[in-house]
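Participant: Since the structure of chain A is already known, use the hints to place chain B on it.
Residue numbers (this note's numbering), protein chains in the order written: chain A, 1 to 239; chain B, 1 to 199.
Just so you know, these hints were derived from the structure itself, not from any lab.
For glycine and all other residues, C-beta sits at the position ideal for the given N, C-alpha and C.
Please note: incorrect hints may appear among the correct ones.
Sample of chain A residues facing chain B (criterion: CB under 7 Å; computed from the structure) [as the list claims (entries may be wrong)]:
| hint | residue |
| --- | --- |
| 1 | Ile4 |
| 2 | Ser8 |
| 3 | Leu41 |
| 4 | Arg42 |
| 5 | Glu43 |
| 6 | Ala45 |
| 7 | Ala46 |
| 8 | Leu48 |
| 9 | Glu50 |
| 10 | Ala66 |
| 11 | Ala70 |
| 12 | Val71 |
| 13 | Leu74 |
| 14 | Asn159 |
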Amino acid sequence: MSDIHALSGAYAVDALDDIERAQFERHLAECPACTAEVSSLREAAALLAETTAVAPSAELRDRVLAGISAVRPLPPLVGDETATVTALEPRRRRRVVTFLVAAAAAVAIGTGGIVWQQVNDDAPTSQTDQVLTASDAQRFTVDFDDGATATLVRSKELNKAVLVTEDMPAAPADHAYALWLQHDGVMVPAGIMPKGPDNEVLLSGDAATAEGAGITVEEAGEEPTEPSDDVVALFTFDA
Amino acid sequence: MNQLRPVPGGAPDEGAAAAPDLAELLKACGKGDQAAFAALYDSTSSRVVGLAVRVVRDPAQAEEVAQEAFLEIWRSSGRFDPAKGSPLGWLLTIVHRKAVDRVRSAEASSRRDLTYHHQNQPVAHDATAEAAHASLEGRRVRGALQSLTPAQREALELAYFGGYTHTEVATMLDLPVGTAKTRIRDGLIRLRDNMGVGA
Numbered sequence: 001m002s003d004i005h006a007l008s009g010a011y012a013v014d015a016l017d018d019i020e021r022a023q024f025e026r027h028l029a030e031c032p033a034c035t036a037e038v039s040s041l042r043e044a045a046a047l048l049a050e051t052t053a054v055a056p057s058a059e060l061r062d063r064v065l066a067g068i069s070a071v072r073p074l075p076p077l078v079g080d081e082t083a084t085v086t087a088l089e090p091r092r093r094r095r096v097v098t099f100l101v102a103a104a105a106a107v108a109i110g111t112g113g114i115v116w117q118q119v120n121d122d123a124p125t126s127q128t129d130q131v132l133t134a135s136d137a138q139r140f141t142v143d144f145d146d147g148a149t150a151t152l153v154r155s156k157e158l159n160k161a162v163l164v165t166e167d168m169p170a171a172p173a174d175h176a177y178a179l180w181l182q183h184d185g186v187m188v189p190a191g192i193m194p195k196g197p198d199n200e201v202l203l204s205g206d207a208a209t210a211e212g213a214g215i216t217v218e219e220a221g222e223e224p225t226e227p228s229d230d231v232v233a234l235f236t237f238d239a
Numbered sequence: 001m002n003q004l005r006p007v008p009g010g011a012p013d014e015g016a017a018a019a020p021d022l023a024e025l026l027k028a029c030g031k032g033d034q035a036a037f038a039a040l041y042d043s044t045s046s047r048v049v050g051l052a053v054r055v056v057r058d059p060a061q062a063e064e065v066a067q068e069a070f071l072e073i074w075r076s077s078g079r080f081d082p083a084k085g086s087p088l089g090w091l092l093t094i095v096h097r098k099a100v101d102r103v104r105s106a107e108a109s110s111r112r113d114l115t116y117h118h119q120n121q122p123v124a125h126d127a128t129a130e131a132a133h134a135s136l137e138g139r140r141v142r143g144a145l146q147s148l149t150p151a152q153r154e155a156l157e158l159a160y161f162g163g164y165t166h167t168e169v170a171t172m173l174d175l176p177v178g179t180a181k182t183r184i185r186d187g188l189i190r191l192r193d194n195m196g197v198g199a
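Next up, chain A with everything else stripped away, as it sits in the complex (with noise of 0.2 Å):
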């Protein structure tokens, strides 16, 4: 690890695999040098956009402001990070311990990262349907006691995962549901999941070759820096 510092400018430049990354990140929350170079690197990294401009098309500019009519800004600093396009969720409390899943202590939970912010495509594009439609589509299903269902749905060939959720408790209030993947025993950060009992979250990251998947339960607004023992899904993969 003594070099990971060197790792700055791959990231800078999103040229770290899933792995690394996560590594990377965990390494951020701790190194405020890093933090500083990664931000300044990044400053530069954008320079070298400057010399592409291409003119969209007109229709880009119409498809773009009439798409975000339809979603909320998130709010600043609290909440969860997908708070968006469905309607407001009534906070329900239900108590998530009730599904817990006591596994917690049985996985071998590894790392996670810090940086939350480009999770769950939620954009119009059909990558979720795309996933939900493979012809090699892998569906591991986790039933709670509850009623509440969590199907995580692979296909190796597009990399993708997405997991579908019917009759979810929310989670307690402040928190939210995070997704994770598991490369290598290590737990990487692949999204956040919208309010709402029922969902369709395209999972981010490299889901062909992860090992498996978990849903955590982490404090809402924060950053976490690996999953919390709240676990309440794990959904192994077969190989």
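Facilitator: Chain B only, in chain A's frame:
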């Protein structure tokens, strides 16, 4: 560090006299101001799409990536922190990550052929070059890039525009793994110091 240090705030603009204040626009977006977002779009869309095209290559897919990125920018606008960097840097970081995610997921099923010739497939973007020449900032960047060693520039461009991981870059250039990441970092540091950003 040279004397060409840009104005405080560090947002590279296109040399326009009345470039809108992107930080102010983002702040307004965070409050749900769609007119502010339209202004933000108009000030940045050519760079956003240009970057997406350069990485993704397919123009239709690049516009999809740009659309996703703009949606993310809108959603996250209230969380932009001017103390942590320039608005354009923040915004293009989001775009770049989306573009890289797109090419990697598209290619994950058919493992990329990591041969050097990939690098020599120039995108057909003559229009790009033309537009970029209109940008003073773009010219400065091109000038600053000349201060990198050719080896640094090559590794940095493969990573940033090619969307390759540093490990892939090393393979493509027949380098030991640690060397590519070092070249990327050194190249960025040199670019940063030449342009006087982010310090």
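Participant: Next, verify each hint and record whether it holds.
Facilitator: Hints versus structure:
no.	hint	result
1	Ile4	violated (10 Å)
2	Ser8	holds (6 Å)
3	Leu41	holds (4 Å)
4	Arg42	holds (5 Å)
5	Glu43	holds (3 Å)
6	Ala45	holds (6 Å)
7	Ala46	holds (4 Å)
8	Leu48	holds (5 Å)
9	Glu50	holds (4 Å)
10	Ala66	violated (10 Å)
11	Ala70	violated (10 Å)
12	Val71	holds (6 Å)
13	Leu74	holds (5 Å)
14	Asn159	holds (4 Å)
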